[in-house]
Amino acid sequence: CNLQLQFYYKICSETRFVKKGSDLLLNVDKNAIEQGDDFNWKCNFDLIIKFNDGKEPSVLGEYQGRAYFFEQNYSVVIRNVQHEDSGNYKATATGLKERIIADYTVTVQDPVSPVKLTTHSFDAWDCNFTATCKVVDSEVSGNYQCDNQTCYPLSEPDVKDSLLTVYVQEGSVLCNHSNIVSWTDDTKPLLTVYNSDQLMASQTVSLIIDKEVRKRWGEILDAVDPPPPGMSEL
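For the sequence shown, the UniProt record's numbering assigns the number 1 to the initial residue and increments by one for each residue that follows.
Worth flagging that the hints you see were computed from the coordinates, not collected in a lab.
Keep in mind that a hint or two might mislead.
[As the list claims (entries may be wrong)] Cut-off 27 Å, straight-line C-alpha distance, at most; resulting in silico cross-link-like pairs (DSS-like, lysine-lysine): (1) K19 / K42; (2) K42 / K30; (3) K20 / K160; (4) K50 / K90; (5) K20 / K50; (6) K19 / K160; (7) K20 / K90; (8) K90 / K19; (9) K116 / K19; (10) K55 / K97.
Please read these numbers as outputs of a predicted model, since none were measured by experiment.
Sequences are here, hints too, so could you generate the full structure?
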């Protein structure tokens, strides 16, 4: 909380990001509440909780069955938050006048989607490769140039309210998709990246060399009559 001293109690003022479907806990400084005060929790202009010492707390409207009030510390829990639960939450205590004793700005976010990492070597001998990080069930992706230590973006992914990154860490290349409330990743060991690509490069180079050798020997054989022993099969 960003705690601000006001008279003899503290106002809890905070911005909260909450994952959709999780529970939201909001606290107050109970020292701010005096005996006989009327106490309320509100979201925007809607009352959630009404409570006065000596009476049972009331949970109002659509919050019935979802909001739970704790008399001992005046906290409230709202279960299974959805996007429409985003907003400004305030706790007020009213004696001679109304006092705000807690003020929260709450944003409910979806968890991020999973990602798929693919790699393609463009220079296996120098341990360089390209990596593509794609958000599953989406057209969003980013391309990166990597070596065995770092990755650099070749194209910036168009993601909203989240971050898509590729980096090298502890012998692996990782694709990470995250926002404030969640994260997911896909990982490939560098050995598998290099081994597969270097094997392909090695096979390609061997094939080229083999063709060039056969071509050169063919030119030599055309100029030699008769061919040297053992070379008739080339």
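Here is how each hint holds up against the structure:
Between K19 and K42, the direct Cα distance comes to roughly 20 Å. Compliance with the 27 Å bound is thereby established for this hinted pair. Proposed proximity of K42 and K30 is supported: the alpha carbons are some 17 Å apart, at most 27 Å. Only pairs whose Cα atoms come within 27 Å are accepted, and K20 paired with K160 is accepted, the gap being roughly 16 Å. Pair hint K50 plus K90 holds up; C-alpha atoms about 12 Å apart against a cutoff of 27 Å.
Taking the CA atoms of K20 and K50, the gap is about 26 Å. The hint holds against a cut of 27 Å. The suggested pairing of K19 with K160 holds, with an alpha-carbon distance near 16 Å, which does not exceed 27 Å. Distance check on the hinted pair: K20 and K90 sit about 20 Å apart at the alpha-carbon level, within 27 Å; holds. The hinted pair formed by K90 and K19 meets the criterion: a straight-line CA distance of about 20 Å does not exceed 27 Å.
About 22 Å separates the Cα atoms of K116 and K19, which keeps this hinted pair within 27 Å; it holds. Taking the CA atoms of K55 and K97, the gap is about 20 Å. The hint holds against a cut of 27 Å.
Checked against the numbered hints above, the structure breaks none of them.
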